[in-house]
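Single-letter residue listing:
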Amino acid sequence: MIEAGLLIINLQSLIISLQSLIINGFIMTNVSIIGIGQTEVKEMWDTSIRHLAWYAIEAALDDAHTTDVDAIFVGNMLAESLSNQNHLGALVADFAGLRGIEAVTVEAANASGGAALRQAVLAVKSGLVETALAVGVEKMTDETGPKVTAAAATSLDADYEAMHGLTLAGAGALLMRRYMHEYGRQVADFAGFSVNAHSNGADNPQAMFRNRLKAERFTAAPLVADPVTLFDAAPLGDGAAAVIVTSHDRALDMVPQPVRIAGSAMATDTLALHDRKEALWLAAAEKSAQRALAQAGVTPDEVDLFELHDSFTIIAALSLEAAGFAERGQGWRLAQNGGIGRNGRIPISTFGGLKARGNPLGATGVYQIVEVVRQLRGEAGPCQVEGAKIGMAQNLGGMGGTAVTHILKASK
Amino acid sequence: MEVSRHWRLQEQRYKLVGETCDSCGVKLFPPRDVCLECEAPAKELFTFTGLGEIFSYTTIYDAPAGFEHHAPYTIALVKLDEGPLVTAQLTDVEKEDVAIGMPVEMVTRKLRTDGEEGMIVYGYKFRPLSLAQTVN
Amino acid sequence: MNEYTPQQGLMKPNLDVGIVGYGAYVPRYRIPAKEISKMWTGGVGGVPIQEKAVNGLDEDVVTMSIEAARNALDRGQINPRDIRAVWVGSESHPYAVKPSSTTVAEAIGAVPNTQAADWEFACKAGTEAMQAAIAFVGSGMARYALSIGMDTAQGRPGDALEYTAAAGGAAILIGLAEEAVAVINGSYSFVTDTPDFWRRAHANYPSHGDRFTGEPAYFKHVMGAAEALMEALERMAADYDWAVFHQPNAKFPQRVAKMLGFTPEQIAPGLLSPRIGNTYSGSTMIGLTAVLDVAEPGDRILMVSYGSGAGSDAFDIRVTDRIEAARDRAMKTETYISRRTEINYATYSRFRDKLKMS
Chain Y
1 MIEAGLLIIN
11 LQSLIISLQS
21 LIINGFIMTN
31 VSIIGIGQTE
41 VKEMWDTSIR
51 HLAWYAIEAA
61 LDDAHTTDVD
71 AIFVGNMLAE
81 SLSNQNHLGA
91 LVADFAGLRG
101 IEAVTVEAAN
111 ASGGAALRQA
121 VLAVKSGLVE
131 TALAVGVEKM
141 TDETGPKVTA
151 AAATSLDADY
161 EAMHGLTLAG
171 AGALLMRRYM
181 HEYGRQVADF
191 AGFSVNAHSN
201 GADNPQAMFR
211 NRLKAERFTA
221 APLVADPVTL
231 FDAAPLGDGA
241 AAVIVTSHDR
251 ALDMVPQPVR
261 IAGSAMATDT
271 LALHDRKEAL
281 WLAAAEKSAQ
291 RALAQAGVTP
301 DEVDLFELHD
311 SFTIIAALSL
321 EAAGFAERGQ
331 GWRLAQNGGI
341 GRNGRIPIST
351 FGGLKARGNP
361 LGATGVYQIV
371 EVVRQLRGEA
381 GPCQVEGAKI
391 GMAQNLGGMG
401 GTAVTHILKA
411 SK
Chain S
413 MEVSRHWRLQ
423 EQRYKLVGET
433 CDSCGVKLFP
443 PRDVCLECEA
453 PAKELFTFTG
463 LGEIFSYTTI
473 YDAPAGFEHH
483 APYTIALVKL
493 DEGPLVTAQL
503 TDVEKEDVAI
513 GMPVEMVTRK
523 LRTDGEEGMI
533 VYGYKFRPLS
543 LAQTVN
Chain G
549 MNEYTPQQGL
559 MKPNLDVGIV
569 GYGAYVPRYR
579 IPAKEISKMW
589 TGGVGGVPIQ
599 EKAVNGLDED
609 VVTMSIEAAR
619 NALDRGQINP
629 RDIRAVWVGS
639 ESHPYAVKPS
649 STTVAEAIGA
659 VPNTQAADWE
669 FACKAGTEAM
679 QAAIAFVGSG
689 MARYALSIGM
699 DTAQGRPGDA
709 LEYTAAAGGA
719 AILIGLAEEA
729 VAVINGSYSF
739 VTDTPDFWRR
749 AHANYPSHGD
759 RFTGEPAYFK
769 HVMGAAEALM
779 EALERMAADY
789 DWAVFHQPNA
799 KFPQRVAKML
809 GFTPEQIAPG
819 LLSPRIGNTY
829 SGSTMIGLTA
839 VLDVAEPGDR
849 ILMVSYGSGA
859 GSDAFDIRVT
869 DRIEAARDRA
879 MKTETYISRR
889 TEINYATYSR
899 FRDKLKMS
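Residue numbers (the working numbering), protein chains in the order written: chain Y, 1 to 412; chain S, 413 to 548; chain G, 549 to 906.
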């Protein structure tokens, strides 16, 4: 009886260790990126949402030297409200010349792009899909002005935030004001984030803004939502970016430099700031970062660059804190002394970030991935972070109600 | 505008009716039926006093559709005396006079009007408490 | 047939009733009359008042009524569920069809077991509601009834009325005399078909008969109601400590007071029009709340409203001991008036929806 009992216990522990193997990804398929593509980010008056998506997909297919894609995940936030278009999965598949394949839209507000990639990763990891394409696309300029501001605010809590006139910039401003109050900071302390973004964006031909920004101009800029200024808030623009993923083994046969997705995690938090236990803590950003880092088996110190969600400078500071690159209340410091520069402790917004490359809401998360891949392939041109081997991208929805973090590793 | 949606929220918007948690006593606004603190069911209605203080605030210059004619307007996170934060506009105050920690009280005002012919939505806003108290 | 006597027209319910709670509301914005005359006459000539109260962008008769009603409930310390009528008198209800009163009733917690209705009779819609409330309680049908007179009055740009048409009003909670801060001994209504002022459906601004609004309209009806009530109750002007008359401007109430034998001192605390303008349905009632804020137990008050079209309601009121505890339970009328932010004509135009936005 005793021996039989021991046997059962041993079997159980074997099962548990097998489970942990599976969870840690040793048995499940490893996923790698084999193709990337993107459009410029800007006001593209003559380009429709379907064409935007197509251009990015076309570039990604070219990059991967394949047309063999089994499923498309379209990350989009606002096609319904700004272009009266739902059903983007089929529309995009059709216009990309991939009519007939599986396709679906993934919506997680501003994190739709990151979430679309996450779904593509899950699809390939499951073994049910061999090659998946994630495309983030946003057509901002079919409407203009207050309608766009209202549409963007749909990522907030409609009944308890947006109905009271809150906007994304307003929510950012509420966080920034409180942060300044609690940590004794000034508006000028945040200028470094925008200066860095513009400095990097100036070297990126596909960026929306390629002008360099002087710190003095940051505080003097017109107010969007006090204390958030025009040079603090990321500009909204049209854009699309695409990423093709497949199993790592297959990827090695297809392209010279597959980039491995070593960590992929999504987490959620309350939509409304007022529902959070700690208003100044991006809990979803922390959770998804920790999970993704654990999957990849790396620490923040080992990350060579971090494409974070710098929709507002305060979000950049809070993201650095939540993801483990700075202590609580210290995120702003990294922007003071070149800590986030190309040669700094943790380079961020290496192609300009949301602030200078531009923020096509639901596409932004895929742009981040495209940019990390270019860095890890060593194809970032003047934006290159020397010797980058491990890159991290974090895409936030709303004010961090959704956070998607990916850790990418260079193949060599 | 969605008529039933705003009708449904009237109790909360007119009177700050939230909920209280039977298990740990935490007060919830907005109501969500489940305690944010201990995750026990929290469905007992609780009417807040409407008193609180400014936790953070911003003045919106770039207003969304439906609010353009009110810009610039000031929105705050108000920390209610009973605990929770609530997002609401401030009224009867100049934006220069708002400060973190300022005591405020709830008043009922027009939140939004659906054009010339649509419905008028009323609800909570907050205004400085000091005036009513000091002058009385 | 007997000759008609004022006693026959005296309205007095079966049960003794009074004012159990009262509350004022005046929005914080003021536009000086000189600012308006600068716009239209180059500042030349006299102005009928100093300044008038203007509602903010997020205020209307509903929001203002809610605040006044909350003040009345705070003073009355009653359970809102015991209210059987919520009546809002106004000529600027935000909806042409959909009661202001149901929103007010909902906000103060009086729903669902209550009557609710909106009243309209130019500037006396509020006192009409008050008389009905007296009847509701005085008949035993209701324990409490809430009557509100509130307006955000419009005046056509450049018209004489633009100088005075103002925002504000008051809520009067009627209950039994034993709970009252002031007992209502009786009231009197005096009404004829007199077309001195009107606003057609869908018109933005009212029209009026100019000088016709004086003698055959305001003075005839205010005098008619006041004299009949005093005669019916066998009182003289000197029997009253205070008097409040409807205040379309500063001059009319002062003149009618003099004609009825009242002194300037008797009408002083309730004469608010020079500082807040003509709050239409709110005008007489907010004059009363201002008087209640300063009156002593035992004081007698005559209140006479006027509504174009035309008619007057007169009330004989006596203050009780309960006033002293009640008055400090809510913000006073004078406090609201001293809460003052001056605006110019441009801001006024924006607040009053005079800019064409679409």
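By construction, these hints were calculated from the structure, which means they are not laboratory data.
Just so it is clear, CB atoms sit at the ideal spot from N, CA and C, and this is done for glycine as well.
Where hints are given, some of them may not hold.
[Unchecked claim] Each pair of labels, with its calculated beta carbon distance range:
1. Y/N211 <-> S/C436: 51 to 57 Å
2. G/Y753 <-> Y/G145: 48 to 54 Å
3. Y/G381 <-> S/R444: 31 to 37 Å
4. G/M905 <-> Y/E43: 24 to 30 Å
5. S/T461 <-> G/T895: 30 to 36 Å
6. G/N661 <-> S/D526: 29 to 35 Å
7. G/Y753 <-> S/G437: 53 to 59 Å
8. S/D526 <-> G/P705: 36 to 42 Å
9. S/T461 <-> G/M905: 34 to 40 Å
Verification of the supplied hints:
1. Our hint of 51 to 57 Å for Y/N211 and S/C436 holds, since their Cβ atoms are close to 53 Å apart.
2. Restraint check, G/Y753 to Y/G145: a C-beta distance of roughly 32 Å breaks the suggested window 48 to 54 Å.
3. Our hint of 31 to 37 Å for Y/G381 and S/R444 is violated, since their Cβ atoms are close to 49 Å apart.
4. Judged by the Cβ atoms, the range 24 to 30 Å given for G/M905 and Y/E43 holds: they are separated by roughly 26 Å.
5. In this structure, S/T461 and G/T895 meet the distance hint of 30 to 36 Å, their C-beta atoms being roughly 33 Å apart.
6. Take G/N661 and S/D526: their Cβ atoms lie about 30 Å apart, and the range 29 to 35 Å holds.
7. Checked against the hint of 53 to 59 Å, the pair G/Y753 and S/G437 passes, with Cβ atoms roughly 55 Å apart.
8. A C-beta distance of roughly 26 Å is found between S/D526 and G/P705, which places it outside the suggested range of 36 to 42 Å.
9. S/T461 and G/M905 have their C-beta atoms about 37 Å apart, which keeps the hinted 34 to 40 Å range intact.
In summary, the structure is inconsistent with hints 2, 3, 8 from the numbered list given earlier, while agreeing with the others.
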